[in-house]
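Chemist: Each chain, written out:
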Amino acid sequence: MKILAIDTSADETSVAVTEGRRVLSNVIYSQALLHKKWGGIYPALAKRAHEERIDSVIQAVSKKLVHPMGVLASIDTVAVTNGPGLAVALEVGIGKAKELAQKYKKKLIAVNHLEGHIYSSFVQNSQGNPKKEFEFPYLALVISGGHTEIVLFKNHVTYQVLGETIDDAAGEALDKAAKLLGLGYPGGPVIERLSKEAGNFDFYHFPRPMLKSKDLNFSFSGLKTAFYYFIKDLKSEEKNKKIKELVSSFQEAVFATVIFKTEKAIKQTGINKLVVGGGVIANLYLRKKFRALAKKYKGDVYFPPYQYLTGDNAAMIGVAAYYKAQKKLFVSDPAKLDRVPRLSLVDNELKSL
Amino acid sequence: MKIIRLNEGAVLEACKIIKSGGLIVAPSDTVYGLLADATNGAAVKKLIAFKNRPWGKPISVFVSDFSMLGRLVKISKKQKAVLSELLPGPFTVILPGKQRVSKLLESEKGMLGVRIPDYSFINKLLHMVNKPITATSANLSGRPAHYNVETLLHELPKKKKDLVDLIVDAGTLPRNKPSTVIDLTNDRLKIIRQGDIIFSKKHSFVSDSPHRTKEIARFTLKKQLTSSFRPLVFIIEGELGVGKTVFVKGIGEYLGIENIISPTFTVSYEYDVKIGNTKKLVHFDLYNIIDPQEFKYLGIETYLKKGNILCFEWGEKTAEILNVLKKKAKIIFVKMQYINEKKREIAIKL
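These protein sequences, in sequence, are chains Z and W. Residue 63 in the numbering used here sits at position 63 of the first sequence; the count goes up by one each step and never skips. Residue 219 in the numbering used here sits at position 219 of the second sequence; the count goes up by one each step and never skips.
A couple of the hints might just be wrong.
To be verified - Stretch-level coverage of chain W by chain Z, calculated; a stretch enters the list once three of its residues show a Cβ under 8 angstroms from a Cβ in chain Z:
(1) 238-248
(2) 255-267
(3) 291-300
If you are wondering where the hints come from, they were derived from the structure by calculation, not from laboratory data. None of the values given here were measured: they were computed from a predicted structure. All C-beta atoms, glycine included, are put in the ideal place defined by N, C-alpha and C.
Produce the complete structure using the sequences and hints provided.
Modeler: Encoded structure:
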């Protein structure tokens, strides 16, 4: 089954053609360069850029594939992210998906962006590599600029959210710390590099929020406040001199919290197989921490096998859609499909019942 | 002494007892209170006997609305403006009395504490009785307040129980503190007792925890929901980490939305509301906005409809669209400042 998938949930315009778990073609038009200048997503540009780019991105995807009737005629299903995400951005992708589904008389599948990240560790290249099979259940983590979630991934398309952020996302916390220190956007990569230079050492031991709470939820706003207060009292030359120590300590506080909660989830559920998706897992130091955790519990951890799969992309949406198609989870009335900016995985599961 | 459950019939029964000069223990928006007809000298004497309260120490009263309030105390124009900010709510304000209630309730200097509660049972009772009712907590003087009837009964000797004619049992109340008592008799506003919501100076509150910040948000929203027929726009200003998202979470929780998170990454999130006349809550975070051109693409104008509530974090950036907002919506400015790492000052301006 060939699926054309579209994701415009935030600042990437991405379209992919997938078949099962294999990605036949995936194109991402990133606005990150544009947004770098602004220090974050820039909605006007996001909407306009999505609108301007989507057709050319679809064309670019098609170019890589050859089919006598044209690639769009050869696909079986259209899939699109309907949330969570920026409303004005989601609209562009959904509008285009509806248009294509109608024009080519294809069924439509709505995919939760988080499902995409959960499936991202199982996405294969066009040759079908890597070949690892599913061994349910998993604990799935999504750690990105917009999300921080621990999900019980029971079986295909069956999820239970065990914990999530109640305020800021982990990636957002890193971005904000970087901005406070004048390090630019996105904050994650530069923080990773500077922290590494400081030996990833925890110099200041900023508070780890929510460690005492019994649940698996995250909160990073208290850490943000503590960090703001800490550097407020520093002279700017001192701040600049200590910048590596500061970011390394901050990163450690964020990651230690993520690992602590994951360990708690392992203990609570007895599940020692982890899958971790989202932009923050591009960080190699965090991967190391996850590997150590999995080893401690004699389990395994899987990450997206290719770098582009950590960020937002349509390939993972196409693969998630394939498993939804297996369960006949098609949109019954495409005209009524609307974006749900705060779509949660629970909603999705209820629909599948 | 009779104990009844809090239900529709309870108001009628309570009304009969108040009118005949009886004493009632009943739930309120803060703690269990002791209710008696404030204009009936004998009833008030009975109440004072129950509380072991020294003579001459004033006892505040519940009133149904501003018109009843005006009959009991003298209010200047300036005071009236402050009052409309505070009431109804968990505030008792002290003002010069007009000697319309039992003189045992007013202070030696003739001051009277009054409050308009925000609790359906008491409000209905006040309207039915159409007289002020005493608003003192149902504990003995110098003892902690009660949040359920069992602990109250446990504390009371038989002699005291015999003074009470009726107990209205609403189970365990949320652990709200007794009301904040504010003295308005002088030019400068003075706080006599701190309740849950701390009123630091005109239009401004102090929060010492995220929980309090949410409570202040709920309190602020509640007032606006009843008085506004236009969409509500909260413009929230304040530094990173001061608690802007927490404030919006408080608004959301009042509307039954429990899953609000920071919208920084996506700039805005919208939520459908299924409570009351409110339709949508739209939560913006303008942290990343630099160019005012941006506003065109956020769909703000389409959200400016009756029944919608819009919250803007980093509201200082709304300057460009403030005129549009003002024309179509009721604006509530919320300015949040660090007092220290734990405490915040939250100023509300309408």
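Chemist: Now tell me if each hint is right for this structure.
Modeler: A quick look at each hint next to the structure:
1. 238-248: holds (count 7)
2. 255-267: Per the Cβ count (7), the hint holds.
3. 291-300: holds (count 7)
Violated hints: none; the structure is consistent with every hint.
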